[in-house]
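Visitor: Protein chains in written order, with the numbering used here: chain A, 1 to 408; chain B, 1 to 408; chain C, 1 to 139; chain D, 1 to 139.
Be aware that one or more of the hints could be misleading.
Some chain A residues flagged as far from chain C (calculated, every beta-carbon gap over 10 Å) [said to hold, decoys possible]:
1. Arg-15
2. Pro-24
3. Ala-97
4. Asp-187
5. Lys-189
6. Lys-219
7. Lys-273
8. Arg-278
9. His-356
10. Pro-371
Derived DSS-like pairs (lysine-lysine); straight-line CA-CA distance at most 25 Å [unchecked claim]:
11. B:Lys-2 to A:Lys-44
12. A:Lys-91 to B:Lys-108
13. A:Lys-215 to A:Lys-91
14. B:Lys-215 to C:Lys-98
15. C:Lys-98 to B:Lys-219
If you want the ones that stay clear, here's a sample from chain C, every Cβ over 12 Å from chain A, calculated [what the hints assert, rightly or not]:
16. Lys-49
17. Glu-70
18. Lys-75
19. Thr-76
20. Ala-87
No lab work stands behind these hints: they were computed from the structure. Here a beta-carbon is modelled for each residue, glycine too, at the ideal position from N, C-alpha and C.
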Amino acid sequence: MKLVYLDNAATTKPRQEVVEAMLPFLGERYGNPSSIYSMARDAKAALDEARGKVAKALCARPEEIIFTGSGTEADNMAIKGVAYANSRRGKHIITSAIEHHAVLDSVKRLEKRGFQATFLPVDSCGMVDPKDVEAAITDDTVLISIMHANNEVGTIQPIETIAHIAKNHGVLFHTDAVQTTGHIPIDVKQLGVDLLSLSGHKFKGPKGVGALWVKKGVKVERYIDGGGQEGNKRAGTENVAGIVGLAVALELSVGELEQETARLTQLRDYLIKGVRERIPHVRLNGHPTKRLPGNTSFCFEFIEGESLLLSLDKVGICGSSGSACTSGSLEPSHVLLAMGLPHEIAHGSLRLSLGHETTPQDIDYVLEMLPGIVSRLRAMSPFGEEVSSDSACPCAQEEHSLVKSHQF
Amino acid sequence: MKLVYLDNAATTKPRQEVVEAMLPFLGERYGNPSSIYSMARDAKAALDEARGKVAKALCARPEEIIFTGSGTEADNMAIKGVAYANSRRGKHIITSAIEHHAVLDSVKRLEKRGFQATFLPVDSCGMVDPKDVEAAITDDTVLISIMHANNEVGTIQPIETIAHIAKNHGVLFHTDAVQTTGHIPIDVKQLGVDLLSLSGHKFKGPKGVGALWVKKGVKVERYIDGGGQEGNKRAGTENVAGIVGLAVALELSVGELEQETARLTQLRDYLIKGVRERIPHVRLNGHPTKRLPGNTSFCFEFIEGESLLLSLDKVGICGSSGSACTSGSLEPSHVLLAMGLPHEIAHGSLRLSLGHETTPQDIDYVLEMLPGIVSRLRAMSPFGEEVSSDSACPCAQEEHSLVKSHQF
Amino acid sequence: MYTDKVMDHFTNPRNVGEIQDADGVGLVGNPICGDVMKITIKVEGGRIKDAKFKTFGCGAAIAVSSMVTELVLGKTLEEALEISNKAVADALGGLPPKKMHCSNLGADALRKAIEDYLEKQGKGLPESRPDSEEGGEDS
Amino acid sequence: MYTDKVMDHFTNPRNVGEIQDADGVGLVGNPICGDVMKITIKVEGGRIKDAKFKTFGCGAAIAVSSMVTELVLGKTLEEALEISNKAVADALGGLPPKKMHCSNLGADALRKAIEDYLEKQGKGLPESRPDSEEGGEDS
Ligand SMILES: Cc1ncc(COP(=O)(O)O)c(C=O)c1O
Ligand SMILES: Cc1ncc(COP(=O)(O)O)c(C=O)c1O
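Construct all of the structure, not just a fragment, from the sequences and the given hints.
Guide: Below is the structure:
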């Protein structure tokens, strides 16, 4: 059966070049970078080279890169590490309601440890308003963390503007760039941030390795304690193969970023247009233009996301509903809810995220299969009957009244 | 040049079978285990299978295994996670002075957060006295963490006895089994512990992946916050390839444990005997019999460890001085100091740790090269002159007087 | 995650639809939670002659609906009322723990439909009531 | 970690040993810290005719000792006193930052040896003293 993988926001397939670069470090070049004999120094040199590549991709310095075991760990370290290291400056943290759980739950953990937090709202496109950020800053604010782009709906946030505000108020600023690194241009100086998280498997590198960039001079408490690895900032024997793989993947992604952005944006818009033309009662989630090149996110009314995903899987299409991390849960996406979608609409979400291997044929295949699947599920839905074939995108109020007519 | 790798306690070379088992998950089987389509369920199934293998190797249940990004992370999670989750029961932690820094520094971090700690001494063989453990327990003690075997000197601790004491006092007990897993038999029920850490790269698995076993019912706070992975106990997209590799490596190691133990013990004792016969003024660190099958640790008096390592490296022998993590540091090993060795002796330590690929020829080669290297360095040492050729192992007092004669 | 039986009932659901001149209608669930089931039944001679469902929900919800309509066909009302949510899940070879609570509402919808029928007939419920809470017990 | 120059001096150290009838002896360091250097010199006509070292220490310490004994040969006492720890490190192509503080004692040992010589001669130190602290500046 044809396999159309459209869940590149969840994870990507490592490039052949990446695996080839990793293999020696799972084989003959297995030295522990902390040891001092030649074989180990070879592993250390490979780490240094990888650090250099990542630094270059971010327009940063090698010594500012700390490799971690995931994007999630990078987020944990950034938020908790900054909070603890700078708690004398204040105990208030500002973030947004649509962050990845790695950020949200780190902030919530700190709330249990005596910190205060503000979770900023977003507009219906999933955009944080920099004015809200500024208004939320108090004398006690020590950290602002706003994601570069959202993983579910793809909205790209006004990071430069927010970073500027943060700087003016002397507050440290972290951005979760897990969805943007390797996908849209990143220059940490131009962005103006103080810390930035990324994750290898989102740009065709391996899973289980990430990195945190920390601007020179910014104090971050070590989060994983132990040996002196990573300049004494993150303990644990280094995942040399993974780090090498991450660096190669990032270098390659950044190298072809311009062409890929153009190609994916076109494919993405073709998919969005096609879905809207063929399927009634669908809405596009996220910002119409300020969105990740590979992200599409829809809500199909009157049906539920999981049954849609399972039906797509039956015909070889891999997508997701909400984020991969929450797809095992029964709660609709916190992102869609924060954007003001009612629960019953949020339940019907589908994210199709395009990537390096996505072809126009893949999109055509989706456009061929999806309308029938949606119709079939709608025909099974107790809400379907009331649905007129009016293809205009119904607004949230209409939906609410539809639901209320069932008196639930 | 011949390469004789005798730093298997620092890291090991992944087995061919391990790399082969990992490769599909760096290739076609790249799905995110949290997603719901078939390709992702395949990755989830691989995780479940790996979990089953690790559980079996420890005589535990699959749902008790939490995969982490390193042995270090497992130690951090065990110690901080238990401390925070059970802080209402008490805020005192007992550990030993010879733990790995992953444990020591985690405990020290907790000291900064309002916990109290006792660091137990060890005897001259590096052994913790269970009576000391019992004596240190107070009403406020919430956790005891004693390593299964020490990474530098190889001494195997009386874990069962200590676990028994902990249980009698209603205190939770963690053991860092990073050096023992896959090397000596482990049955968590028989050991009687509540938590146990392990690390893949110490038993011919990949670097950057570890696991924490937590007995069912024991409360541990999540350490890395975020998505619901690992039964909501450790967030972050799983290092599927790494986890699969760890499990295969452990299964294979446990399968051949008995033969390997016999083989390595013999080689180890052959090396110890040979060194003692050929080189004067050398002492064996650690317990003469209760030690890891692959561990030898020596102190060569009048010379310094790093220059010994560099000289060995020149002839293709890879060893370490202290642990790999501290070998970049100038401090002598905290383990040797805790065992009562004076600083100047502790500086001259050499660990040669044997592994799966070690052959009798390797040991013969070491016995051939090492005496000349030691002599050459001693000839360069300002202490060498005063040394008689008496090959009896000088005791610490003699050393002290030797040093004092220099009036430093 | 789902058994083959669940996937079979999800992919080829039995008795989808709505009986136009239904003798009883049962509607349970809540769109806010993501699961709504509507079961319509036709009763003849004290037995369920026909049952159809419409469901908004996840794979489990659809499979459960399909299974319950199949299980109930030809049963007396008393027998039908004895079908528990747990029995439906068992007939599907089990459901993931998380799904036991929220999506396993087929038997509830069926009972509502029977109650509706009995109400319309002016009759009360028969004596035996299966433990409707039971469905979630082993999650 | 070490430059080729360091490794060369470590592997083939120059001037190892002790001058038996030395004109000056300098001993610095502390075995507790893991570095002890002993430099012995022979002085003729105000110039250093011979210098030897014995060192207990890491690779850097041995290379530094070797290098300083080489640098000093033939130099006047004044010139010799101007050799700084940093200059020795530079001559070795640099040292890892951590090693700059502790193991880079060669110039100190040399100065001690010269001081010892001058003391034995009943003379004081010449005026110019190079900044002995400088060695650690860039770590
Ligand atoms: C006893 C002990 N604990 C913990 C660790 C840390 O494990 P990892 O290297 O996976 O971080 C090691 C090895 O480095 C060790 O020997
Ligand atoms: C925005 C965002 N942040 C953080 C993460 C976590 O990264 P990782 O999967 O490496 O733990 C992800 C992806 O899962 C993400 O999309």
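Visitor: Each hint should be assessed against the structure and marked as holding or not.
Guide: So, going through the hints one by one against the coordinates:
| no. | hint | verdict |
| --- | --- | --- |
| 1 | Arg-15 | holds, 29 Å |
| 2 | Pro-24 | holds, 37 Å |
| 3 | Ala-97 | holds, 19 Å |
| 4 | Asp-187 | holds, 42 Å |
| 5 | Lys-189 | holds, 45 Å |
| 6 | Lys-219 | holds, 41 Å |
| 7 | Lys-273 | holds, 27 Å |
| 8 | Arg-278 | holds, 21 Å |
| 9 | His-356 | holds, 28 Å |
| 10 | Pro-371 | holds, 18 Å |
| 11 | B:Lys-2 to A:Lys-44 | holds, 21 Å |
| 12 | A:Lys-91 to B:Lys-108 | holds, 22 Å |
| 13 | A:Lys-215 to A:Lys-91 | holds, 21 Å |
| 14 | B:Lys-215 to C:Lys-98 | holds, 23 Å |
| 15 | C:Lys-98 to B:Lys-219 | holds, 21 Å |
| 16 | Lys-49 | holds, 22 Å |
| 17 | Glu-70 | holds, 15 Å |
| 18 | Lys-75 | holds, 23 Å |
| 19 | Thr-76 | holds, 27 Å |
| 20 | Ala-87 | holds, 22 Å |
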